[in-house]
Amino acid sequence: MTSLTEWNASARRSAAPVSVLDRAIALLDAVKDSEGSTTITALAADTGMPKSTVSRLVAELTRQRYLERTDEGVTLGLRLFELGARAVLPRRLLAAAAPVIRNLWHVTGERVGLWVHQGTDMVSIAAVAGRLPMLSTRAGTRSPALTTASGKAYLAFCTDPSVVDRVSAPLIQDAAADFRDELSHVRTAVVAVDREVSYPGILAVASPVLSADRHVLGAISIAGPSGAMDPERVTPLIRSASATVTRRLAAA
Amino acid sequence: MRTADWNESISVLDRVTAVFDSFGDHDEGLGVSELARRANLPKSTVSRIAADLVAQRFLDREGDKLFLGVRLFELGQTVERPRRLRQVALPVMTDLRNQTGHTVILAVLEGADIVIVATVRGEAAPTPLARVGGRLPAHATALGKALLAFSPDGRDPRSTHHALSRCTAHTIRQPSEFLRELAGVRRNGVAVEREECAVGRGGVASPVLDYCSAAIAAIGVTGSVDELDPDRVTAAVRASAITLSHRSLTGRR
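As given, the protein sequences belong to chains A and B, one line each in that order.
Sequential numbering from 1 applies to the first sequence in the working numbering.
Sequential numbering from 253 applies to the second sequence in the working numbering.
Since the hints were made in silico from the structure, they are not lab data.
Values in this document were obtained by computation on a predicted structure and should not be read as measured data.
Be aware that one or more of the hints could be misleading.
One-sided and incomplete, this derived list gives chain A residues near chain B with beta-carbon spacing under 8 Å [claimed, not checked]:
{"id": "1", "residue": "20"}
{"id": "2", "residue": "75"}
{"id": "3", "residue": "90"}
{"id": "4", "residue": "199"}
{"id": "5", "residue": "201"}
Derived Cβ-Cβ restraints for the label pairs, each shown as a range [to be verified]:
{"id": "6", "chain 1": "A", "residue 1": "39", "chain 2": "B", "residue 2": "421", "range": "31 to 37 Å"}
{"id": "7", "chain 1": "A", "residue 1": "62", "chain 2": "B", "residue 2": "297", "range": "20 to 26 Å"}
{"id": "8", "chain 1": "A", "residue 1": "55", "chain 2": "B", "residue 2": "351", "range": "48 to 54 Å"}
Every residue, glycine too, gets a C-beta built ideally from N, C-alpha and C.
Please build the complete structure, drawing on both the sequences and the hints.
The structure is reproduced here in structure tokens:
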């Protein structure tokens with residue numbers, strides 16, 4: 001009988017990426033997750049690739065400025081910064097949402113966030129801290145789509161069933177049915193709620209942001225201490241905030 | 253076997269980079285044919301690469317248009333150097349904007365270009381020439397001259413030879429004249445530019461220095477030449493750069 005850790009490790013190694021592109025992407029993700037600098041040895045362990053392959057690809061990615069060498073090893077390179085700044089969806093969403101986020105924060109003093117979907121996570125485009133300074137306000141951070149208010153707001157309006165299936169894959173049968181019920185409730189209410197499931201002591205309410213042709217692009221959320229933020233009060237505010245962002249996107 | 257594999261990995265990444273670099277600063281989305289033309293690659297190749305990149309969300313697809321994707325945004329926001337610089341610099345930049353009223357820009361040197369790391373817009377200022385993440389030719393901007401004057405390359409005449417391309421009639425293109433200009437920047441700690449990058453625009457910038465007096469970034473103001481009087485902003489720009497150098501060294505925010 002193998003222990004759980006060993007089982008996990010071997011499963012990961014057998015799932016090591018095969019194509020050059022997938023390998024390069026796996027390396028970039030591993031460097032990102034290291035939150036700073038990392039080494040060839042650590043990257044080989046993280047990705048399950050042979051050290052020689054990692055070393056070759058890192059050299060190539062460094063030559064093309066996707067990675068940079070530092071005293072401690074390698075870190076993400078400036079080319080990613082340049083390309084990331086030109087990504088259109090975050091830029092467009094932020095332009096439409098920035099005044100709305102500011103207003104909502106002025107009116108409530110709570111944490112306000114703007115999110116897009118990516119895989120099984122939501123990725124932050126912008127956030128203001130409100131009363132939750134312990135949560136990062138850095139753009140580009142992830143939180144799980146399955147449990148967060150923003151994730152549920154997005155999934156409820158997502159027309160691609162494979163996305164919902166992938167996110168809800170870890171749920172057992174009854175929980176999966178409950179989750180689908182909750183999403184259909186979110187569709188009716190146009191608001192999703194997360195009561196301390198993603199983060200202990202934190203209540204969050206979110207609403208979807210839609211394109212001109214009613215295609216869901218992301219979600220806007222408000223979060224605060226669960227005892228102190230009144231969901232009855234913030235629900236209409238977040239609903240009208242998302243409607244305003246949607247309208248501003250259509251007008252842009 | 254290994255060599256073949258190695259060559260293949262080079263070419264795959266080169267093609268991906270060519271596709272990424274085809275997206276300009278203001279593009280609202282490109283079709284596969286246009287991407288293939290810009291990247292100088294066969295359409296079938298671009299189509300295959302694009303499908304892989306869309307699956308990984310390195311590109312976003314909307315109808316038949318492709319855009320740089322959310323994954324690039326996510327990775328880009330995590331890149332340590334600009335992130336840390338921006339964190340330290342934003343309060344200083346806001347102060348400088350409030351003191352001068354002009355748009356304040358923070359940039360780093362990347363080859364023959366500067367890359368804009370952060371911008372704080374002035375109240376009635378014209379739209380900046382480049383957005384955050386965008387590039388401008390180093391030799392034609394005050395920020396670039398401040399960076400070059402305090403970089404190891406800036407003293408080497410050979411390193412500046414190839415880069416002095418013409419942007420306007422005022423761009424300094426003679427290597428000897430450009431080296432004299434950089435020597436002046438080293439003396440004063442401030443670089444001034446007037447219509448060398450774009451007609452009607454100018455700027456004043458100063459380097460952010462590390463322990464060895466090498467530039468890690470430059471901070472400066474930019475605006476229309478009618479409104480930006482270098483003599484009035486030089487002291488404020490220098491003071492901001494010194495504050496920023498000090499904060500970067502001590503790790504204060």
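Verification of the supplied hints:
| no. | hint | result |
| --- | --- | --- |
| 1 | 20 | 4 Å, holds |
| 2 | 75 | 5 Å, holds |
| 3 | 90 | 5 Å, holds |
| 4 | 199 | 20 Å, violated |
| 5 | 201 | 27 Å, violated |
| 6 | A:39 / B:421: 31 to 37 Å | 51 Å, violated |
| 7 | A:62 / B:297: 20 to 26 Å | 24 Å, holds |
| 8 | A:55 / B:351: 48 to 54 Å | 49 Å, holds |
Hints 4, 5 and 6, counting from the list given before, are not met by this structure.
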